[in-house]
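Visitor: Just so it is clear: in the sequence shown, position 3 is 3 by UniProt numbering, and no numbers are missing.
Since the hints were made in silico from the structure, they are not lab data. From a predicted model like this one, the values you see are computed outputs, not experimental measurements. Even glycine gets a Cβ: it sits at the ideal position worked out from N, Cα and C. Please note: incorrect hints may appear among the correct ones.
Once the Cα atoms are required to be at most 30 Å apart in a straight line, the calculated DSSO-like pairs of lysine-lysine come out as [unchecked claim]: (1) Lys26 <-> Lys3; (2) Lys226 <-> Lys241; (3) Lys24 <-> Lys97; (4) Lys153 <-> Lys335; (5) Lys378 <-> Lys401; (6) Lys3 <-> Lys226; (7) Lys240 <-> Lys401; (8) Lys178 <-> Lys226; (9) Lys240 <-> Lys226; (10) Lys224 <-> Lys421; (11) Lys406 <-> Lys224; (12) Lys97 <-> Lys335.
The calculated label-pair distances, taken between Cβ atoms and stated as ranges, are [what the hints assert, rightly or not]: (13) Asn57 <-> Lys3: 18 to 28 Å; (14) Asp69 <-> Gln184: 51 to 61 Å; (15) Glu409 <-> Lys95: 46 to 56 Å; (16) Asp192 <-> Asp84: 12 to 22 Å.
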Amino acid sequence: MEKVSVGLLGFGTVGTGVVRLLTKNKERLQERAGCEINLEKVLVRNKNRARKVLIDNRTLTTDVYEILDNPEINVIIELIGGVDLAYRYILRALKNKKNVITANKDLMASYGEELLLEARANHCDLYYEASVAGGIPILRTLTDSLAADQIQKMIGIVNGTTNYILSKMSGEGLSYEKALASAQRLGFAEADPTSDVEGLDAARKMVILSHLAYSIPVRLDDVKIKGITDVTREDIIFAKKLGYTIKLVGISEVNNGDIDVRVEPTLLTDGHPLATVENENNAIYVYSAALGETMYYGAGAGEGPTAVSVVSDLISVVRNISLGITGNHIFLPKKELHARKDNLVESKFFVRMHIKDEPGSFSKLTDLFREQSISLSKLYQEPIQGRDIAEVAMVTHVTNKVLFEKSFEILNQLDVVVNAKYFRVERG
1 MEKVSVGLLG FGTVGTGVVR LLTKNKERLQ ERAGCEINLE KVLVRNKNRA
51 RKVLIDNRTL TTDVYEILDN PEINVIIELI GGVDLAYRYI LRALKNKKNV
101 ITANKDLMAS YGEELLLEAR ANHCDLYYEA SVAGGIPILR TLTDSLAADQ
151 IQKMIGIVNG TTNYILSKMS GEGLSYEKAL ASAQRLGFAE ADPTSDVEGL
201 DAARKMVILS HLAYSIPVRL DDVKIKGITD VTREDIIFAK KLGYTIKLVG
251 ISEVNNGDID VRVEPTLLTD GHPLATVENE NNAIYVYSAA LGETMYYGAG
301 AGEGPTAVSV VSDLISVVRN ISLGITGNHI FLPKKELHAR KDNLVESKFF
351 VRMHIKDEPG SFSKLTDLFR EQSISLSKLY QEPIQGRDIA EVAMVTHVTN
401 KVLFEKSFEI LNQLDVVVNA KYFRVERG
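Using the sequences and the hints, build the whole thing.
Guide: Spelled out as structure tokens, the structure:
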């Protein structure tokens, strides 16, 4: 082919980055793709709005069907976000035999399997590298670079907003509220940050990663989710005293055919590579049988990084068109989902509590854990000045999740305990 024509849906931050790359690197992209890539049409809301990148105004359209139903266009890039409209547009594009690239994690987490089936039925490509970690090529790594290996576990910092907030709380001693306000001022957090801070954004990304890594049809309802709104500066301080850093991580693990996928604030040892990932950066740590442990780190969002992933997907699609193999790469789940039962889940746990600072208080705690056959690996205690209360922080050895939660309920009922909370601790 001499030329492949592209229709772009959306001209926001990432769309601007895509247009910039297609314009600035036109000759390089043609060399890599094997033919010219022509940006035929761009869907916008307002054709007269000022743009951050030069573009022929005749390329702009407010009518999506000028793109979706245009027989000259070979590839659709969807960057409008949301779910319902994006789903309808992509479905129509695929039925019209057009290849699709999207950065839409919400869409792929909810309708990915259906859209991939539609793409394969129409012999079309559907690529979505940018949907998980911005510029980090993690999906391509899972499906191509690690295709010969068996992935056993993934731990990911896949939400830049929460990582920025926790970094500021840890590094600068900010409260959660002040760290969130800072993230919003810098554009890392939306005015309504619920999806980020409650862990939903990260959970959607773990759905996509788990699907590709294990060939298991994980859905959002299968993910155990807990956000960072209950994490305090004091939690971070006392975790540090015991040698840990608190991060919001997604963890996906397969063992004996059972899968456990969760997103929650988790303690990582200060020596863990993910503990050093700061601010808005993302990283995914992968455990695989043959290769061992590897980490993929970089910018998880933003105009440039996300646009790079989108345009890299575009080059792959153009090559596939030239070879006549579009749709052949479609990767669909082949195994049934068997969620790991809680009574089979084991972990270390970090417990932080206030107890009455009086004789016999501490022995009641240790007696409880001994009676429940839970041993402690780390322990820290200090009195709170001016109050008859002591601060206690402890980390258990690996123990059964159900047993620990039962013990924690009993702990909260002790007359010497004023309040208590806990977080999971990642092993290793």
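Visitor: Against the structure shown, which of the earlier numbered hints fail to hold, in ascending order?
Guide: When the structure is compared with the hints, numbers 6 and 14 turn out to be violated.
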